[in-house]
Amino acid sequence: MLKHPCLVLDHDDTVVQSERTIGYPFFCYILDRFRPGQTVTLSQFAQDCYSLGFAEMCRKRWNFTPQELEDEFRGWMDYVMCHTPDAFPGIGRVIRRQKAEGGMICVVSHSSVRNITRDYDTHFGLRPDAIYGWDYPEELRKPNPFPLRDIMAKYHFTPEELLVVDDMKLAWDMAHPLGVKVAFAGWGRRDFPELT
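Per this note's numbering, the very first residue in the sequence shown carries number 532; after that it's consecutive.
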């Protein structure tokens, strides 16, 4: 019997290595388009995403308008569908073992269903049981506890049966009020010891 019959995985920089190769380069492109002459280092981008979350970083640090956030998302979707990130070494074994032993894989991420399913198909030959991504209205996305509440209600899990695995503080903000345990995906943060 699995200790955690439901693994709730983040996607970017937990399952796939995307910040350095996809998220950051595309954001630099968008920043040059929306705020010519302004720049951000990879370290600052990682820190802001970690502490604020992507949308809040865009609003608070860069003063993106709602339309700019929408334009960024549409451009990012086009970009990410043409750039497939590598999976972290070993994560495929964890995912496949969880499924082989009768467990569930749910994804709670700020990525979209489209690129998450593409990455799971490409790297693992399977799809998550449920995905709560950027496709949901912002008020229902992580750090809102809605995804975890919905998983527990739909699949009849207790908080003790879930384990959230994520590289960002937003996961703690989402899980802690419900009593769901969080495992920090430090392998996605090795370049940023201040975050681990």
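These are computed hints drawn from the structure, not numbers from a lab.
Using N, Cα and C, we set each Cβ at its ideal position, and we do this for glycine too.
Worth double-checking, as some hints may not be accurate.
Simulated pairs of lysine to any residue, SDA-like, Cα-Cα distance not exceeding 25 Å [claimed, not checked]:
#1 700 <-> 608
#2 630 <-> 710
#3 630 <-> 691
#4 534 <-> 685
#5 700 <-> 633
#6 712 <-> 676
#7 534 <-> 661
#8 712 <-> 696
#9 591 <-> 630
#10 534 <-> 623
#11 712 <-> 671
#12 712 <-> 653
#13 534 <-> 694
#14 700 <-> 668
#15 712 <-> 680
#16 712 <-> 595
#17 700 <-> 595
#18 700 <-> 568
#19 534 <-> 669
#20 630 <-> 658
#21 630 <-> 608
#22 700 <-> 683
#23 630 <-> 655
#24 591 <-> 687
#25 630 <-> 713
#26 630 <-> 664
#27 712 <-> 571
#28 534 <-> 668
#29 591 <-> 712
If you anchor each label on the Cβ, the simulated ranges turn out as follows [unchecked claim]:
#30 717 <-> 559: 20 to 26 Å
#31 559 <-> 587: 16 to 22 Å
#32 596 <-> 575: 17 to 23 Å
Here is what the structure says about each hint:
For the suggested pair residue 700 and residue 608, the alpha carbons sit about 24 Å apart, so the restraint of at most 25 Å is met. A hinted pair counts as satisfied when its Cα atoms are at most 25 Å apart, and residue 630 with residue 710 qualifies at roughly 24 Å. At roughly 18 Å between alpha-carbon atoms, residue 630 and residue 691 fall within 25 Å of each other, so this suggested pair holds. Among the hinted pairs, residue 534 with residue 685 is consistent with the structure: their alpha-carbon atoms are about 19 Å apart, no more than 25 Å.
Note on residue 700 and residue 633: the hinted pairing is violated, with a Cα-Cα distance of about 29 Å set against a maximum of 25 Å. As the CA atoms of residue 712 and residue 676 are separated by approximately 13 Å, the hinted pair is consistent with the 25 Å bound. With a C-alpha separation of about 19 Å, the suggested pair residue 534 and residue 661 falls inside the 25 Å cut-off, and the hint holds. Pair hint residue 712 plus residue 696 holds up; C-alpha atoms about 9 Å apart against a cutoff of 25 Å.
A C-alpha spacing of about 40 Å is found between residue 591 and residue 630, which places the hinted pair above 25 Å, so the restraint is violated. A hinted pair counts as satisfied when its Cα atoms are at most 25 Å apart, and residue 534 with residue 623 qualifies at roughly 19 Å. At most 25 Å may separate the alpha-carbon atoms for a hinted pair to count; residue 712 and residue 671 meet this at roughly 20 Å. A threshold of 25 Å between alpha carbons decides the hint, and for residue 712 with residue 653 the separation of about 29 Å lies outside it, so the pair is violated.
With a C-alpha separation of about 9 Å, the suggested pairing of residue 534 with residue 694 holds against the 25 Å cut-off. Taking the CA atoms of residue 700 and residue 668, the gap is about 20 Å. The hint holds against a cut of 25 Å. Taking the CA atoms of residue 712 and residue 680, the gap is about 14 Å. The hint holds against a cut of 25 Å. Under the criterion of a C-alpha separation no larger than 25 Å, the hint pairing residue 712 with residue 595 is inconsistent with the structure, at around 33 Å.
Taking the CA atoms of residue 700 and residue 595, the gap is near 22 Å; set against the 25 Å cutoff, the hint holds. As the CA atoms of residue 700 and residue 568 are separated by approximately 30 Å, the hinted pair breaks the 25 Å bound. Restraint check: the Cα-Cα separation between residue 534 and residue 669 comes to about 31 Å, which exceeds 25 Å; the hinted pair is violated. The suggested pairing of residue 630 with residue 658 holds, with an alpha-carbon distance near 10 Å, which does not exceed 25 Å.
For the hint linking residue 630 to residue 608, the alpha-carbon distance of about 28 Å lies beyond 25 Å, and the restraint is violated. At roughly 21 Å between alpha-carbon atoms, residue 700 and residue 683 fall within 25 Å of each other, so this suggested pair holds. The suggested pairing of residue 630 with residue 655 holds, with an alpha-carbon distance near 11 Å, which does not exceed 25 Å. For the given pair, residue 591 sits about 38 Å from residue 687 by alpha-carbon distance, which is inconsistent with the 25 Å threshold.
Straight-line distance between C-alpha atoms of residue 630 and residue 713 comes to about 20 Å, which keeps the hinted pair within the 25 Å bound. Taking the CA atoms of residue 630 and residue 664, the gap is near 21 Å; set against the 25 Å cutoff, the hint holds. Proposed proximity of residue 712 and residue 571 is contradicted: the alpha carbons are some 33 Å apart, above 25 Å. Using a Cα cut-off of 25 Å, the hinted pair residue 534 and residue 668 is violated, with the two alpha carbons roughly 32 Å apart.
For a cut-off of 25 Å, the pair hint linking residue 591 to residue 712 is broken: about 29 Å separates their Cα positions. For the hinted restraint 20 to 26 Å between residue 717 and residue 559, the CB-CB distance of approximately 25 Å keeps it satisfied. Distance hint check: the CB atoms of residue 559 and residue 587 are about 19 Å apart, consistent with the given range 16 to 22 Å. With their beta carbons about 21 Å apart, residue 596 and residue 575 fall inside the hinted range of 17 to 23 Å.
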